[in-house]
Amino acid sequence: MTRARLLSATLLAASLLPASLLAAGVLLAPRGARAFSNHETFDRGPLEPAPETGQQGGGGGRHFTGSRLDGFTCAVCHRAEEPLDPSELQLEGWPEDYVPGGGPIDLEVTFPDDLLSAAALEIVRADGRAAGTLELIPNPTPADLCPATEPEVPTDAVHVVDLPDDRTVAVSDACALTVERLRVRWTPPPESVGPIWLHVAAVASDSSSDPTGDTVFTITQVIPAMGEVTIPEDLESTCAIRPGRADHGPAVGLLIGLALWARRRRAAARRARRVDARS
Amino acid sequence: MKLSMRAVPEHPSEPRIERARRHAPALVVASLLLGGCVLAGGEGEPPATNRTDFNDEVYPVLLRDCGFPECHGALSADEARFFRVYGPGRSRLDPATDPLAPYTPEEREFTYERARSMLASATRAEDTLLVRKPLAVEAGGAAHRGRGESGEDVYLTTDAPGYQALLRWAETAYPPGAP
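If you read the protein sequences in the order shown, they are chains A and B. Numbering follows numbering that gives the first Met the number 0, in which position 31 of the first sequence is assigned residue number 30; successive positions increment by one, without gaps. Numbering follows numbering that gives the first Met the number 0, in which position 43 of the second sequence is assigned residue number 42; successive positions increment by one, without gaps.
If you are wondering where the hints come from, they were derived from the structure by calculation, not from laboratory data. A few of these clues could be false.
Beta-carbon label-pair distances, calculated as ranges [what the hints assert, rightly or not]:
1. A:E47 <-> B:P94: 19 to 27 angstroms
2. B:T103 <-> A:R262: 56 to 64 angstroms
3. A:D84 <-> B:A138: 33 to 41 angstroms
4. B:D97 <-> A:T219: 31 to 39 angstroms
Now the stretches of chain A that chain B is said to cover, found in silico as 3 or more residues with beta-carbon under 8 angstroms [as the list claims (entries may be wrong)]:
5. 39-47
6. 55-66
7. 69-75
Beta carbons are placed, not taken as given, at the ideal position from N, Cα and C, and that holds for glycine.
Model the full structure from these sequences, guided by the hints.
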């Protein structure tokens, strides 16, 4: 009798196994699509529907490079409890100085291995406008390409986008693990424009639709103005994060005044009591 | 060195409760000042505003500039701010919602009520928290403490289109020139 029950329980478990595996697969699968995997998403307005999918939630022109006119980096959304080592993101080609009207310089941001990554890059002058020009490097290799979708050919993962306020951003799509880098060709401005900032913000994703668990990398490099070796302090501080502090000065002054007033009143009361006691 | 405090005997004619009553006004003023309360102007109730303007102009601006998960989105309970913005591509009111699905009426309503509350306790549109907080101190705004690398001013000048949209909406609650 007991053996028969054991046999029927085993058969029942075996019959439910495929359904259980399917349910577990559904539960463990990433929820929804990755939110900002395509550069066009950054350009669309937050409530502007995508032409084909009707999806909303665009960046409204923000590309989260961390530059002085953009303001924010990818860290406003993405965060990892245990972020990767900063050295996992490599920058090559950024010069220590520039020659106005000089030839183009190739820059390369290499992503961490085996992680779905994307980056945005911007080169600006002190007022936040673009410094020089950015363009794609010709002849992309498989490491620069999103995979082909039949019958189309592979597309370049990196795009150069002109923005309002005379800004230009290079941004890579997070389309596949095969994309290993963001490469872009920078031509310095034809005339001296003072210090020049390079801003890079990148995300190494855990491939979920959730922004948690994603490491954010930021790189800021500066080329001083010609003939200078340091950045003027007032310009440097505009790039820094400045936590605000409420102005409590008047309140503190009034409190000190109240304390002194109360002390004088106590002293006067003590003197009056002494006089009363003597009399 | 040992320090000792000598107890001051109370005067029989001034019991402790009487002294507390005498100092109560000063304590109230002190707590209000340190608490940052607004003493003048405003009833503390969110004012009436133009709802259409919010839907068309302000909600997209708040999504674009404020509603990021690490800023005014859905942080954990101990990190969450009062002012929160929900919608597509940002934090969702229902976390199970597809990240890029169109906004829900509930999300826009929640955001509207929180934004309207940020207009309370003021007498001029320029003085409301919603308008002052994102503006740089150098341009007349209030200090804006964000999180990590996002802790900086949202609008550097009063010419910023986002600032202008917020100001126009705040002026539907506090019309310029009104007493």
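Comparing the hints with the structure gives:
For A:E47 paired with B:P94, a C-beta distance near 23 angstroms keeps the hint of 19 to 27 angstroms intact. The hinted window of 56 to 64 angstroms between B:T103 and A:R262 holds, with their beta carbons roughly 59 angstroms apart. In this structure the supplied range 33 to 41 angstroms holds for A:D84 paired with B:A138, their Cβ-Cβ distance being about 39 angstroms. At roughly 34 angstroms, the beta carbons of B:D97 and A:T219 sit within the given window of 31 to 39 angstroms.
Coverage of the region 39-47 of chain A by chain B holds. Counting CB-CB distances below 8 angstroms, 4 residues qualify, and the rule asks for three or more. Note: the region 55-66 of chain A has 8 residues with beta-carbon separation from chain B under 8 angstroms; the three-residue rule is met and the coverage holds. Remark: the region 69-75 of chain A is confirmed as covered by chain B, as 5 of its residues place a Cβ nearer than 8 angstroms to a Cβ of that chain, reaching the required three.
Every hint, counting from the list given before, is met by this structure.
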